Amino acid sequence: MDFDLSDDHRLLRSTVRDFAEQEIAPVAEELDRTKAFPYELVRRLGELNLMGIPFPEEVGGAGADTLAYAIAVEELARIDSSVAITLCAHTSLGTQPIYLFGSPEQRAEWLPKLTAGELLGAFGLTEPEAGSDAGNVQTRATLDGGEWVVDGAKQFITNAGTEISGCVVITAQTGTDERGRKEISNILVPNGTPGYEQGTPYRKMGWNASDTRPLTFTDCRVPEENLVGPRGDGFKQFLRVLDIGRIGVAAMGVGLAQGALDEALKYAKERKAFGQQISKFQAIQAKLADVATEIAAARLLTYHAAFLKDQRRDFSLVAAQAKLKTGRLAVRATEEAVQIHGGYGYIEEYPVCRFYRDAKILTIGEGTDEVQQMVIARALGA
Amino acid sequence: MKICVLVKEVPDAAVEKRIDPSTGRMDRSGEKNLNPYDTHAIEAAMQLKEGGALQVDEIVAVTMGPESAVRALHKAVSLGADRSIHLTDAALAGSDVAATGYALAKALEKEQPDVVLLGQQSDDGECYTIGAVVAEHLKAPSLTQVIKLDVVDGGLRCERQAEYGYDTVQVSLPAVISVGDAINEPRYPSLKAIMGAKKKPLETASAADAGIDASLVGGDGSRVQCGEFKAPPAKAAGTIIEDEDTDATVEQIVAWLDERKLI
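Residue numbers (our numbering), protein chains in the order written: chain A, 1 to 382; chain B, 1001 to 1263.
Keep in mind the hints are simulated off the structure, nothing from the lab. It cannot be assumed that every hint is accurate.
[Unchecked claim] List of simulated lysine-lysine pairs, PhoX-like, C-alpha gap at most 20 Å:
#: 1; chain 1: A; residue 1: Lys280; chain 2: A; residue 2: Lys269
#: 2; chain 1: B; residue 1: Lys1017; chain 2: A; residue 2: Lys269
#: 3; chain 1: A; residue 1: Lys269; chain 2: B; residue 2: Lys1235
#: 4; chain 1: B; residue 1: Lys1235; chain 2: A; residue 2: Lys272
On a predicted model such as this, the values are computed, not experimentally measured, just so you know.
Please take these sequences and the hints and turn them into a complete structure.
Shown next as C-alpha cells:
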C-alpha cells in the first residue's frame, strides 16, 4: 500500500489551496452575503483546467484521475462550499452523463465548452415528488414528429439558471415497458429552448453563492437526437452518475471539516481565557483531537473510493460509505468549530458561521444519509 | 536568448521556522515548497518571453539541493520553464552562501544564459545575497530588488526598490537580476501544466559534472561557521491604547516615546 500522494497530486493540492486561500477566501463572505454567483472564479477555474478534471484531453478535459478531482474539490470546500459545489455539480452531474452516455454529436457539441468551464452543465433528476425515490419520475417526454415533447418540473437543480448555463440533462418517463413499468430515459435540454424555464433561486440555509432553482418544462420540444444513450436506460444511467457524484460530495465533506478544524485551531491559539490560550484547555483539545482524527479517517475512505474508481473497480459501496461518513463529519466538525469560537462563531465575522450553515446539506444532497445506509446495507447482503 | 531562473526548495510558508538544536542550522524537515520569491522570477521570465520585445528561446530552471529539491523544479516547469537542471551532490551539502553561489555559477557557465533571474530572498535563510555572489563569479552585472523590468535598447531597464525610492538602471546583458515580490502576480499552474511538467527535460548534474572544485563547497569549503544560533526571544506584550479621544491618544503616545527618550 502507498499512502503518499504522487508529486502531481501534491502540486495540484498546493496549487488549489493557494488559489482558494488567495483568490476565493477574500471574497467568500461577500459572495455568501450577497448570494452572488462566482462567475469570475468559475472562469479562472476553467483556465486552470479545473472545470473538467477527470475527463480525457480528447474531449477537452484535463485528463486527470478521480483522486485529483477529489483533492481539488476538497481544497475548494476547505475555503468555500458554494464554489466547490458549483464545480462539483458541473463535473460529476452536469458533464458526466454527456461524457458517459452521450452520442458522438452530443459529446462534440457540449464537452469542449463544458470541460473548459465556458458553459455550465446541470443534471435534472429530483422532482417535487421524487427525491430519494428518484425512480418515481413524473416528468414525461413523448415523441411527436421527430421531437421529444417534455412536460414536468424538477426541483433543487444546481447550475441550471446562471448566465453561462449551457444545458440540463433530465430524467423523464418516455413510456412504459412490456410489463407496464415506467420507462425512464435521459434527455438533453439546452438553455434557451422554448418551454424550458428556470424558476427563482431558492432561499437556502447555505451554499448561498451557488445557483439552485426549480425548473419547469411546458410543451418543451427538443430534437429526437437529444435522447442521451439508449431509450429506457435512464434509471441505470442516473444511478451510475450518482455513484460517481458521491465521491465529489464526500470530498466536499472532508474539505469543509478540514476548513472548520483549521479555523477552530487558529482561533483557539489566539483566544485567551482565564489567563491562557483556550487551546491549552483539555476540553478544547479533546474537540480538536477528535475532529482531526475523524477527518483523517474520512479522507482515507474518500480517497479509497476515488482509487477504486481509477482502478476501474467497483466503488459504489465505498463511495456510499464515504458520503455517509463525511456528511455527518462536516456537520459535527462545523458545530464544534462554532462551539470553540463561542459567541463569535454565531456571527458572520468568522467563516465558521458560514461553514455551519453550509454543512447540513451534505447529509441530504446527492443521496440522503438514509439512502446511503440503504445502499450500504444492500451491499452487505442485509 | 536564454533565461536561467535560480530556484530553491524551502520549508513551506505554513511551517513554523526553528533552529535545529543538534546542528545549529535551520530545521528544514517537514513540508516543503518552491521559494515563493522564485515564483516571481519565473513569472518575470515568462512575461519577457510572452511580451515579445525580446526573442526568448528558452527558460531553464536551475536549483542546487538534495533529492527532494526536484519538486521545486517540477513546480518551476509547471509555471512555464522549458526544462530544468538539478545540481545535487553529497559534496555540496552544508554549503554557505558564498559556496552555493560559486556552485550555481559553475552550473550556469555551461548554460551561458543571457539573463539570470532569481527571487531577491529565500523564504528560509533570507540572505538576499546569492544573486550578487553568482554575478561576481559570472563577471556579470548584478541588480537586486528589481520590481520593474522593461526591454529598452536591447538591454533591460530595471527599477530597483531602494530605501529612498526607486533607482532606474539600464543594464546590458548578460546580467544577474534578483526580483522583489512587487514585480508581478505569479500565475497559478494549470492542471495540464502540472501533469505535463514531468515530461519536460530534467538534467541531474553532480559537482564534477558542473566542474565544481570540491574544496570550495560543502561544509568544509564554507567559511561561515554555524555557532550557537538561538531563536529570537519572544516579544514582550505591547501596550494597546484604545483610541477613544484622538487628542488624548496622541498625548499618551508622545508621553510613551518621551519616557524612552525616543523623541
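Going down the list of hints, with the structure as the test:
no.: 1; hint: A:Lys280 - A:Lys269; result: 8 Å, holds
no.: 2; hint: B:Lys1017 - A:Lys269; result: 17 Å, holds
no.: 3; hint: A:Lys269 - B:Lys1235; result: 17 Å, holds
no.: 4; hint: B:Lys1235 - A:Lys272; result: 17 Å, holds
Of the numbered hints stated above, none is contradicted by the structure.
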